[in-house]
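Trainee: Here is what each chain is made of, one letter per residue.
Protein chains: 2
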Amino acid sequence: MTEASESPSPSRRKRQRQAEAAADAGTDPAAGQSRPIVNPLRKLDFLSSGQLEQIHEASLSILARTGLVFNSPPALALFRQAGARVDGQRVTLERSLVEAALATAPAQFTVYARNPANNVPIGGDSCVTMPTGGAAYARGLDGQRRPGTLADVENLTRLSVMSPEVHLLARKAVEAQDVPVAVRHLECWRTVLTLGDKPAVSGTVGGEPEAEDVLQMLAALYGGEEAIQDRPVALCNVNANSPLVYDRPMLEGALAFVRRGQPVILTPFVMAGVMGPATLAGALAQHNAEVLAGMVLTQLARPGAPVIYGTATSNADLRSGAPAIGSPESAISIGACAQLARHYHLPCRGGGALTDSQLPDAQANYERMMTLMISVLSGVNVMMHGLGTLDSYLTIDYEQFVIDTELIGMLTHMLLPLEVSVDSLALDTIHEVGPGGFFLDAPHTLRHYRLAHFLPRISLRHSHDQWLAEGGLSATQRANALCRERLASYRPPRLDPAAEARLNDFVERRKAQLLG
Amino acid sequence: MTEASESPSPSRRKRQRQAEAAADAGTDPAAGQSRPIVNPLRKLDFLSSGQLEQIHEASLSILARTGLVFNSPPALALFRQAGARVDGQRVTLERSLVEAALATAPAQFTVYARNPANNVPIGGDSCVTMPTGGAAYARGLDGQRRPGTLADVENLTRLSVMSPEVHLLARKAVEAQDVPVAVRHLECWRTVLTLGDKPAVSGTVGGEPEAEDVLQMLAALYGGEEAIQDRPVALCNVNANSPLVYDRPMLEGALAFVRRGQPVILTPFVMAGVMGPATLAGALAQHNAEVLAGMVLTQLARPGAPVIYGTATSNADLRSGAPAIGSPESAISIGACAQLARHYHLPCRGGGALTDSQLPDAQANYERMMTLMISVLSGVNVMMHGLGTLDSYLTIDYEQFVIDTELIGMLTHMLLPLEVSVDSLALDTIHEVGPGGFFLDAPHTLRHYRLAHFLPRISLRHSHDQWLAEGGLSATQRANALCRERLASYRPPRLDPAAEARLNDFVERRKAQLLG
Numbered sequence: 347m348t349e350a351s352e353s354p355s356p357s358r359r360k361r362q363r364q365a366e367a368a369a370d371a372g373t374d375p376a377a378g379q380s381r382p383i384v385n386p387l388r389k390l391d392f393l394s395s396g397q398l399e400q401i402h403e404a405s406l407s408i409l410a411r412t413g414l415v416f417n418s419p420p421a422l423a424l425f426r427q428a429g430a431r432v433d434g435q436r437v438t439l440e441r442s443l444v445e446a447a448l449a450t451a452p453a454q455f456t457v458y459a460r461n462p463a464n465n466v467p468i469g470g471d472s473c474v475t476m477p478t479g480g481a482a483y484a485r486g487l488d489g490q491r492r493p494g495t496l497a498d499v500e501n502l503t504r505l506s507v508m509s510p511e512v513h514l515l516a517r518k519a520v521e522a523q524d525v526p527v528a529v530r531h532l533e534c535w536r537t538v539l540t541l542g543d544k545p546a547v548s549g550t551v552g553g554e555p556e557a558e559d560v561l562q563m564l565a566a567l568y569g570g571e572e573a574i575q576d577r578p579v580a581l582c583n584v585n586a587n588s589p590l591v592y593d594r595p596m597l598e599g600a601l602a603f604v605r606r607g608q609p610v611i612l613t614p615f616v617m618a619g620v621m622g623p624a625t626l627a628g629a630l631a632q633h634n635a636e637v638l639a640g641m642v643l644t645q646l647a648r649p650g651a652p653v654i655y656g657t658a659t660s661n662a663d664l665r666s667g668a669p670a671i672g673s674p675e676s677a678i679s680i681g682a683c684a685q686l687a688r689h690y691h692l693p694c695r696g697g698g699a700l701t702d703s704q705l706p707d708a709q710a711n712y713e714r715m716m717t718l719m720i721s722v723l724s725g726v727n728v729m730m731h732g733l734g735t736l737d738s739y740l741t742i743d744y745e746q747f748v749i750d751t752e753l754i755g756m757l758t759h760m761l762l763p764l765e766v767s768v769d770s771l772a773l774d775t776i777h778e779v780g781p782g783g784f785f786l787d788a789p790h791t792l793r794h795y796r797l798a799h800f801l802p803r804i805s806l807r808h809s810h811d812q813w814l815a816e817g818g819l820s821a822t823q824r825a826n827a828l829c830r831e832r833l834a835s836y837r838p839p840r841l842d843p844a845a846e847a848r849l850n851d852f853v854e855r856r857k858a859q860l861l862g
Numbered sequence: 347m348t349e350a351s352e353s354p355s356p357s358r359r360k361r362q363r364q365a366e367a368a369a370d371a372g373t374d375p376a377a378g379q380s381r382p383i384v385n386p387l388r389k390l391d392f393l394s395s396g397q398l399e400q401i402h403e404a405s406l407s408i409l410a411r412t413g414l415v416f417n418s419p420p421a422l423a424l425f426r427q428a429g430a431r432v433d434g435q436r437v438t439l440e441r442s443l444v445e446a447a448l449a450t451a452p453a454q455f456t457v458y459a460r461n462p463a464n465n466v467p468i469g470g471d472s473c474v475t476m477p478t479g480g481a482a483y484a485r486g487l488d489g490q491r492r493p494g495t496l497a498d499v500e501n502l503t504r505l506s507v508m509s510p511e512v513h514l515l516a517r518k519a520v521e522a523q524d525v526p527v528a529v530r531h532l533e534c535w536r537t538v539l540t541l542g543d544k545p546a547v548s549g550t551v552g553g554e555p556e557a558e559d560v561l562q563m564l565a566a567l568y569g570g571e572e573a574i575q576d577r578p579v580a581l582c583n584v585n586a587n588s589p590l591v592y593d594r595p596m597l598e599g600a601l602a603f604v605r606r607g608q609p610v611i612l613t614p615f616v617m618a619g620v621m622g623p624a625t626l627a628g629a630l631a632q633h634n635a636e637v638l639a640g641m642v643l644t645q646l647a648r649p650g651a652p653v654i655y656g657t658a659t660s661n662a663d664l665r666s667g668a669p670a671i672g673s674p675e676s677a678i679s680i681g682a683c684a685q686l687a688r689h690y691h692l693p694c695r696g697g698g699a700l701t702d703s704q705l706p707d708a709q710a711n712y713e714r715m716m717t718l719m720i721s722v723l724s725g726v727n728v729m730m731h732g733l734g735t736l737d738s739y740l741t742i743d744y745e746q747f748v749i750d751t752e753l754i755g756m757l758t759h760m761l762l763p764l765e766v767s768v769d770s771l772a773l774d775t776i777h778e779v780g781p782g783g784f785f786l787d788a789p790h791t792l793r794h795y796r797l798a799h800f801l802p803r804i805s806l807r808h809s810h811d812q813w814l815a816e817g818g819l820s821a822t823q824r825a826n827a828l829c830r831e832r833l834a835s836y837r838p839p840r841l842d843p844a845a846e847a848r849l850n851d852f853v854e855r856r857k858a859q860l861l862g
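Top to bottom, those sequences are chains A and B.
Just add 346 to the spot in the first sequence (first one is 1) and you have our numbering.
Just add 346 to the spot in the second sequence (first one is 1) and you have our numbering.
Read the hints as simulated data drawn from the structure, not as lab findings.
Some clues are possibly wrong.
The list treats identical chains as interchangeable, and a pair is accepted whether it falls inside one copy or across any two copies.
To be verified - Restricting the straight-line Cα-Cα distance to at most 20 Å, the calculated cross-link-like pairs of lysine to any residue (SDA-like) are:
hint	residue 1	residue 2
1	K389	D471
2	K389	R796
3	K857	L496
4	K389	P763
All figures in this text were calculated on a predicted structure; none of them were measured in a lab.
The following block holds chain A by itself, in its conformation from the complex (with noise of 0.2 Å):
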């Protein structure tokens, strides 16, 4: 074997040599094409094949039996013309309406940006990101916790740009309190869809109304309605309000998304004990209810919408009734819901960087790498809580944000495929150093030295003597530095002037309406 004969995969190393020249030149990888985490690995499967099937059963005979409640009009009338069982509000669902939807809804689909090297694929090996989505809570730089602000939606989305370890933009990974709430949706999706040039995410809690403006700004930024139609190039979160009720706005303003063929997530919270069982089996049964629920309401309203399972079913801390995102059973439901989702051929979001400390320190860190990395391993396609979570979702931090970046950036280069090839196993430099040598200053080394490995940004290997000598900082000082950075460094995306108009005409004209 000689080993000059083989380099590299030429994927690795297209993936690798942006992020390590930059980190080389001292300087963070720019803004730009940000790549998803792609995980070939078999998932990892909590369940049995037959605990699947008995969980799945069981909420077919909970859609059958106990059903669900839409507070939604249009929704009803949709569930009674497929012939489905409506009592007042109450639902109930037969299972051939599950298989049918079952068999309508898409495997895998592509979200695109405005910038085409920021499309995002849903679905498949792909894994992808975006900030924590819904948090009332900011903790800035200065380590203080204080109410969002339209700034912080801002800085926020400029750190998201700056990173390619993110794929997706939050419009609310803050609520941004200083804004009315009439027009806050306005403000904050005009926020990120001109600083950031990566698809976004959002709730709809205002409702149809609020949906209709947001798909407005949508159509005025891609050059019309026809272009966003059946095209996706935003996701819709709605929140199933557990046990087996959709609420009317949220459902509402999905329902103007599905009808646009935007995808649109399905997410119940069930916090077992709660709001669903205290045993995990339980509150999974119920919770896959609701989701099948919601998506056969999707495909009743457009056969064919893009549509992903979601979960942020958890348990209760059963001493105090608060909500426990970074627990074991956390990881179990994440685990076990993104078995689900492959089951049904469904993406699946969920998990991401959880936790329910107050602070960035080590418990936010060890239940954020738990959390992300069973989401990872389990085949999430989607986290939308992936950077920047603390207080169970209800603050979002920005060194906390940054030290995710870097977490991010090593569970994507733990899974980049290992190449073993004549080149990488090196058997001549093994033979030539010899028992008790020196690799150093190898020639092989030094071929490797640049692409081999991750290079991390708030990561040290440092000597304790060393690390004293540059200050003695811990991670969270080293990662409030580099935040500082990032922002400082921020360029704004080229964004095409005319569509930059129509969207802010829009605004504007709304904005009048809605304050007038």
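For this one, chain A is given, so just place chain B on it according to the hints.
Mentor: Positioned in the frame of chain A, the structure of chain B alone reads:
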């Protein structure tokens, strides 16, 4: 279906009840029975079967062509007798010798504790832990790093006894630098054997004389040489001096263990790029050759002797040459080695709670959760650095030790068999509570309250206000308090006075000889 007809599986119930009753009562789980982590899931495979075969064949090629240096006349004699080619200290091995050795090395065995409740299974689906080994420094509860002392060995043994998440004791959790080198092994082994009633692990850098002392101490404690002959009661770790060298002292110490049928762990520590090729495939091929060569030697010395496939292989940070044990490459290496060990039907030692951080901070905790999870999910059986590691193995930290008991508890719980039964699916309860209802006060919840979920000791799920009201402590600060509690509540396990007298007699006699 009616739910009352089934109750949680007895195994799950039993395993949780003790810990949770103790947690409820506000005290720690008492010293006593510690059960291994059991991973019943299909193990993670980082390598395709083709890649595994390529690495195996590359290792055989290294053994046959390049060979290893064994700085030990008795080892060289064993190889020569077996027909291996021995050229000076250089030994090359043919495939047939490797295959013959693999055929006699056992796939699993038990290590017998002096308290039979603490017997430790090695192999199969189980994974057991111990404090990090070989640290030079201890970081105490005052946050200061200092050279290790015998008092640290005592304290870390006490913490190990008080933590059901710890299965094996470390004779060298930290170097007792205040004890003269000549008698250090005697004092440290006496400490772990008398303060703790779990089996202990060590290396034998002092060579055959040290190993013979240790084996005499074990014989004294267990009731004579015949009581430990071919009955594992302690483990001996031997590091290859990579690349491709086994040094005399450790090797001959290990051979003394092998002759008694005491298990030996063969652990290359190939830092890819320094002590092996920069490319992981090459580092793994070399690593694997080093393990296989050591394994052949053990089976030549005593066919059927228990032996463990070890790994500390990772990468060097190629910017500084420093080891990177909390890196993605470390995780890949742990996973690949566990897979190789499984392929050979050998138990695997590797991974654990690894980090290069100097503090029990965010980095320490995301790195260790990554390596812990990969270890457990890949099928590692023994995590020699399971608790307390900081600073690329150089420091053991008291606070992090206690945090690590929580991490191990979380992973143990995550992998308990999920119960899917009529009772746990809770369909009647879901129906009775119904859409929009509340489960916290349902009889099913009350019945499952105490056994359903993991009860953390370090992680908090407090609201921000509640957390502030209780002092706004970080996880590390809470661990500090819990560590003090555990040390204060330590009670020595019962020890047969005759055995203790025999042990002390031996130690005092040898000390007089060695210091005299």
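Trainee: Would you mind marking each hint as holding or not holding in the structure?
Mentor: Cross-check of the supplied hints:
1. K389 x D471: both (9 Å within a copy, 18 Å between copies)
2. K389 x R796: Close neither inside one copy (30 Å) nor across copies (31 Å); limit 20 Å.
3. K857 x L496: Cα proximity of K857 and L496: one copy only (16 Å, versus 72 Å across).
4. K389 x P763: both (15 Å within a copy, 18 Å between copies)
Going down the numbered hints, you'll see the structure goes against just number 2.
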